[in-house]
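Just so you know, the sequences run in chain order A and B. Sequential numbering of the first sequence, starting at 281, is according to this note's numbering. Sequential numbering of the second sequence, starting at 2, is according to this note's numbering.
Calculated from the structure, these hints are not laboratory results. Where is the CB? At the ideal position from N, CA and C, for every residue including glycine. Keep in mind that the hints are not guaranteed to be accurate.
Said to hold, decoys possible - Label pairs and their computed distance ranges (CB to CB):
id: 1; chain 1: B; residue 1: Leu46; chain 2: A; residue 2: Phe305; range: 21 to 29 Å
id: 2; chain 1: A; residue 1: Gly298; chain 2: B; residue 2: Ile154; range: 16 to 24 Å
id: 3; chain 1: A; residue 1: Val317; chain 2: B; residue 2: Gly198; range: 38 to 46 Å
id: 4; chain 1: A; residue 1: Glu369; chain 2: B; residue 2: Leu49; range: 16 to 24 Å
id: 5; chain 1: A; residue 1: Asp333; chain 2: B; residue 2: Arg109; range: 23 to 31 Å
id: 6; chain 1: B; residue 1: Gly63; chain 2: A; residue 2: Gly298; range: 53 to 61 Å
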Amino acid sequence: MIRGEQIPEGLGRFALLGIALLYLFGLVGLPLVVVLVQAFADGIGAYLHALSDPIALSAIRLTLLTAAITVPLNLAFGVAAAWAIAKFEFRGKNALITLIDLPFAVSPVIAGMSYVLLFGSRGWFGPWLRAHDIHVIFAVPGIVLATTFVTFPFVARELIPLMQTQGNEEEETALSLGASGWQTFRLVTLPNIRWGLLYGVLLCNARAMGEFGAVSVVSGHIRGLTNTLPLHIEILDSEYNLVGAFACASILALLALVTLAAKSLLELRHPELRSGIARHA
Amino acid sequence: MNEIALELPALPGPQRAAPRYRAREFRVLPGFGLTMGCTLLYVSLIVLIPLSAVFLLSARLGPAQFWHVVSASRVLSALRLSFGAALLAALVNAVFGFVIAWALTRARFPGRRLVDAMIDLPFALPTAVAGIALAALYAPTGWIGRWLSPLGIKVAYTPLGIVVALAFVSLPFIVRTVQPVLADLDREIEGAAQSLGASKLQTFLWVVLPSIWPTLLTGVALGFSRAVGEYGSVIFIAGNIPRVSEIAPLLIMIKLQQFDYAQATAIAVVMLLASFALMSGINGLQLWAQRRQRRR
Chain A
281 MIRGEQIPEG LGRFALLGIA LLYLFGLVGL PLVVVLVQAF ADGIGAYLHA LSDPIALSAI
341 RLTLLTAAIT VPLNLAFGVA AAWAIAKFEF RGKNALITLI DLPFAVSPVI AGMSYVLLFG
401 SRGWFGPWLR AHDIHVIFAV PGIVLATTFV TFPFVARELI PLMQTQGNEE EETALSLGAS
461 GWQTFRLVTL PNIRWGLLYG VLLCNARAMG EFGAVSVVSG HIRGLTNTLP LHIEILDSEY
521 NLVGAFACAS ILALLALVTL AAKSLLELRH PELRSGIARH A
Chain B
2 MNEIALELPA LPGPQRAAPR YRAREFRVLP GFGLTMGCTL LYVSLIVLIP LSAVFLLSAR
62 LGPAQFWHVV SASRVLSALR LSFGAALLAA LVNAVFGFVI AWALTRARFP GRRLVDAMID
122 LPFALPTAVA GIALAALYAP TGWIGRWLSP LGIKVAYTPL GIVVALAFVS LPFIVRTVQP
182 VLADLDREIE GAAQSLGASK LQTFLWVVLP SIWPTLLTGV ALGFSRAVGE YGSVIFIAGN
242 IPRVSEIAPL LIMIKLQQFD YAQATAIAVV MLLASFALMS GINGLQLWAQ RRQRRR
């Protein structure tokens, strides 16, 4: 590079391209390969045996349940927030957007901790919850809350810029032609934002199923009860059950691959969706 | 002449002000109250109240005690490690992330779309999966570790392993921030520089870098901010030895498990304040980068 003008046109380019690809494959590609190789290290029988373990199955069930609650919740909120923020002018809009972004900037461990401070046995509402026999921390509600916190900005963050660029004219026309507010949203807004919505839901779901730090704080790691799939991986790893750990990891890796494939397909058809990705990559 | 002189000054004022007034005074679209109410309620319940609990609880400590907790040697070394490793990882990615963004926007090669999709893998791959995979790769017997250990380089279960994990999680932030700006860069200016006799390095240093570096800095700050709080991928590869390879989020976790809420919140407050400062810094950087881009 230093004597760039003396190196033939292609060579410096070629070297740079090589460095880029080598770094990317070494840092990002190899981990994916090693997961799949290790999962099948003892053959497909051991792999299937590890996955049919009842504790692993209950971890998968809990992970699916958590995503099934948090994703719709954040979807509904994301649409509401995007409607308020993109369609109207009001004071403090930037502050509200910053608040919505906040979970991306906060360590997941701190997110989980904040719920322990509220609902833990020594937390603010701890005595009251105990008196009413409600379990939040070290139980499923805590896992759902912590996951909701970390996945909270995805849909809203995707929809706000999309709806802002689309403007209000189509909705105003629909209203002036006599459509009700709900009809306007369902028949005009929703078709316009559906791909952005799907994009946000994809990212939200991937994070919800894979969250580790926040859930780890509130879960209590009770086997078969409060262990999500990522937490189960940690337990298997600490027991040196590598095939089990990597078998569970391979499921989550597959989820990541499916998410990426769907995301790339959406970006191919709708390039405008890409604009938001850098913010919460 | 007279007509133009009369009309011109009148134009800018009302034209700029009108749409804002209209939107604020009469809201044509329905549902503002409902959606805004839901949003505020949800934000308060999920984010605002839990996070204020952290600040309120740490306030119970009092300044002297707070300082006592935060300046304990184990806490200080955990904070130093978290911030130092995240910074190092972000800086390494500033170089390689830039080269990758360059390759994706400027070079044509087979499989480019696949490589482009791979950039987001650290973002889609759950941190626990990344953690065990990196630990397996860099362990002394692992695919990469076995080549490094004869050279005396230990990665897994050392602070270097933490840097590797944080480089993994922060890479997409830098590439994805730089990539669109690099793609939009006017290549004619680079061509002009080279036709005027500038070498490739000179073109890069004096033409490309000045227009890209606010964006690069934004990407590095985003990656750093993500890496500082990272927990899942790190704890599998770090070895977690107190004062050596114990990151701040792990120390918070340990204090919580000991029911030492006061100390846990004190460490959390330091990290939260740093995150907030970073966030406003990033917002400022983004504004600056956008303004520079618009000017060209």
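So, going through the hints one by one against the coordinates:
1. Leu46/B / Phe305/A: 21 to 29 Å: Violated: the Cβ-Cβ distance is about 43 Å, outside 21 to 29 Å.
2. Gly298/A / Ile154/B: 16 to 24 Å: 22 Å, holds
3. Val317/A / Gly198/B: 38 to 46 Å: 52 Å, violated
4. Glu369/A / Leu49/B: 16 to 24 Å: 23 Å, holds
5. Asp333/A / Arg109/B: 23 to 31 Å: 47 Å, violated
6. Gly63/B / Gly298/A: 53 to 61 Å: This hint holds: roughly 57 Å between Cβ atoms.
Hints 1, 3 and 5, counting from the list given before, are not met by this structure.
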